[in-house]
Amino acid sequence: MKKRSFPTRVEGVSKLTGKSKYIDDLKFPNMLHGVSVRSSVPRGKIKGVSFKPGIDWEKFTIVRASDIPGKNVIQVILDDQPCLASSHISHPGEVVLLLAGEDREEVLKARDYVELDIEASPGIFSIEDSLAKKEVVWGSDNIFKEYTITKGDVAKGISAGSQVIEGSYSTGAQEQLYIENHGVIAHASDDGSITVWGSLQCPYYVQQALREVFSLPPEKVRVVQTETGGGFGGKEDYPSIISSHAALLSYKSKRPVKMIYSRAEDMEVTTKRHPSMSHIKMAVDKKGKITGLDFEFFLDGGAYATLSSVVLSRGTIHAAGPYNIENVRVHSKAVATNHPPFGAFRGFGAPQSIFALERHMDVVAKKLGIDPVEFRKINVLKIGDTTATGQSIAEEPGYHELFSTVDELMDFSEKSKSFAIQNKKNPIVKKGIGLACFFHGAGFTGSGESYLASIVGLEATRDGQVVVKASSTEIGQGANTIFSQVASSALGISEQSVIVARPDTSNVPNSGPTVASRTTMVVGDLLEKAGSSLVSTLRTTGFLGEVYTEREFFEASGKYIDQFGSLKSYVQYKQPPGIKWDEENYQGDAYATYAWAVYAAEVSVNTLTYETKVDDFVAIQEVGHVMHPTLAEGQIEGGVAQGVGYALSEKVVWEEGLMKNSQMTNYIMHTSADVPDIRVYFEEKNQNYGPKGAKGIGELPMDGPAPAIINAVQNALGSAPHFIPMLPEDLMEFMEASSES
Amino acid sequence: MSHKEEFTLKINGETKVFLAHPMERLLDTIRSDENLTGTKEGCGEGECGACSVLVNGKLVNSCLIPISQVASSEIETIEGVANSESLAPIQKSFLENGGAQCGFCTPGMVLAAISLLRDNPAPNLEEVKTALSGNLCRCTGYKKIFESTLICSQMEDQQ
Ligand code: FES
Ligand code: FES
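Order-wise, the sequence lines are chains A and B.
Those letters in the first sequence? Residues 1 to 741, by the numbering used here.
Those letters in the second sequence? Residues 1 to 159, by the numbering used here.
Just so you know, these hints were derived from the structure itself, not from any lab.
Fair warning: there could be bad hints in the mix.
[Said to hold, decoys possible] Partner residues aside, some chain A positions facing chain B, computed with beta carbon under 7 Å:
#, residue
1, Ile77
2, Leu131
3, Glu135
4, Leu177
5, Val640
Owing to the predicted nature of the structure, the values given are computational and were not obtained by experimental measurement.
Think of the CB as a built atom: it goes at the ideal place given N, C-alpha and C, for glycine as much as any other residue.
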């Protein structure tokens, strides 16, 4: 890569010296500790609550649904989820009551003395049971949302193929497992306003939720993000719940209330990745061209609607992959069960449908006896082709080059053949290599960005600094650093002179949620525009010349402030012309742009222990301009590691809707000892969107690892499971079942 | 906790006396009593390593250790790693090589790397992987943490 120099992480020194303040590092005078009293059953009617003797209940603040001053609802998309359950229970861990007291240990003890009397009724815990309406647990039919995408005529496309191959695939839940658990501190002050500090991704979502619960105007609700120890989507919607709870306890006790979840509580009740099920029917002609794709896609949304419709939307749009197929139908549903609601997790529905499609590509290639890479090359999108939603691809994805790079780096095609010979000589350890070819839409879907209408600001101070004002949060991904880079280059000043304001709804405008790989591309772009407009203001007024030094810049801004009081530039998102999206029919430009990628894995499968080891992993992607190579690589490496876990080790074990392995000992993420080597490469060709041409990358790395790894297992063994996670015991079962049949 | 005793600990070079229940977790002594909040709690069960500190030079999970067990010991936390003017070489290396993202595992991870480099100033990649395996990081995929540690070990005055 060319020699450029890059700033170190803006908040890096304070993180490395232990000075950064995360929520549990803050203590307020007179602060109470809050806990939640939860249902142990998945479904039922609340008959009563009793407070058993042995506790001095006078010492505790107790909040129930009847204490809620506004609406008893957690506002997301539909208002179906109560803030506190008052009549019905819909999932294990649902909160009925809140307690706060001086000492955390004492409140935890008191919680054991609250008895919930719940008349249990049977719950449902699978997509199949929900679709079959074994019990109707939500609405009239258990369906949160349904989409159909149609391109061409799928029946015609299917009959045009010389072979039609069907397959069913499934993926499990996955825990985000940020190392910092959920936590907030809330304070309801005497003037009726509420302030919440917390570990969260989207301050304005939390503000909106609190406004409903307390019936307050925006100026009475302030939400401040504290340093956040990882999110990955897990801190997108759930903070609205814990914040409302802590705020209710504070409202009643008139004291600040801290609420920090334990690891087990966090794993059991907060949102996880949606489990999925896919049925694919694919028709292929003699030349290996896909003539028709019929894709049925289902997500388990859990007990309440939350974000499931949006997750489903992304999964649905990504289902047909980066392939040019004339006849497509994707039909999808998000259904209700009695699991705790599933939510956002890096990739947001796309990893699920991409797993199914990319596994199916290898299953089909094997059936047809074509090389899986050749099969993909025949079908990949090129510039001018259209996606399943009919979006014409305006840039060349360059898949052929991505495939050649994989070959160069891994000897892919050579190995995919030679391993077969090598494996014959080795009865125990079988080697395999596999890949996945995929795209990921950057930013919100369709007209999402226009609805958000994000605002970003820049303000010069008298003492020679410019402050970036945005509600986009730093959650480890490097938003602060990217913002200071973008602002410094747009303003022509050094990064040291740019300060990124802490996201605080009382001080920064709503730049939209920190999700959907949109922060660099969409918010960064607005920031670049705000910078140019600030400079042009200074030039127009004659304070600044065409060419200037940093000193001249601040002299000019100082004069401007003296004369006009302040120097600011706020920019709001406007949809670029030419983008068309039909929300009704799911047709048109689903995303402003896409990142294009090929990921490949080499594995060793031990047929005695059933262990699968990833020996090498290559991640190649075209992401436009790479703003900051170290940060970008870090995003991809971290995402791939999560993807490897998704495929091979991270299994949520359920019992009646409750996660049974809610500890880091038995829910297994990779440690440094077992993470594979992850080699990351960027292509920077299509620089048409975002600041300096940078596309979004945060979620991309979650999509490819699982199908690449299981495809490598197929290469090693001849066949491989259609599901993930694939732990050794799962592979054993699979191999025993296939040897029987 | 009712029954309290006096314990003397040396924390980051300073001698401190605590009146605490013998079973009080060292993590709470450090975070609550001493207000050194750089040491984190990620699980409270000895699994994540976010609470790692050095006790008499040895890396331990402070969430598992009662104060009575470390009476009269020397404790090093992340706050004692840098001096007032500059970062320690390992911190500098993490900063320059992308070893910290969300930063929550970072204090523990830095102490784990320090503990390794003191014992083994020139580790190879496998030794780094093993030495850090008690510290979970969900953000980085570890690669940049390995690099930060290895690059630091190659710098002139690493400790
Ligand atoms: S908090 Fe001590 S190991 Fe996780
Ligand atoms: S940097 Fe976030 S957990 Fe390691």
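Right, here's what the structure says about each hint:
no. : hint   : verdict
1   : Ile77  : 27 Å, violated
2   : Leu131 : 33 Å, violated
3   : Glu135 : 35 Å, violated
4   : Leu177 : 5 Å, holds
5   : Val640 : 6 Å, holds
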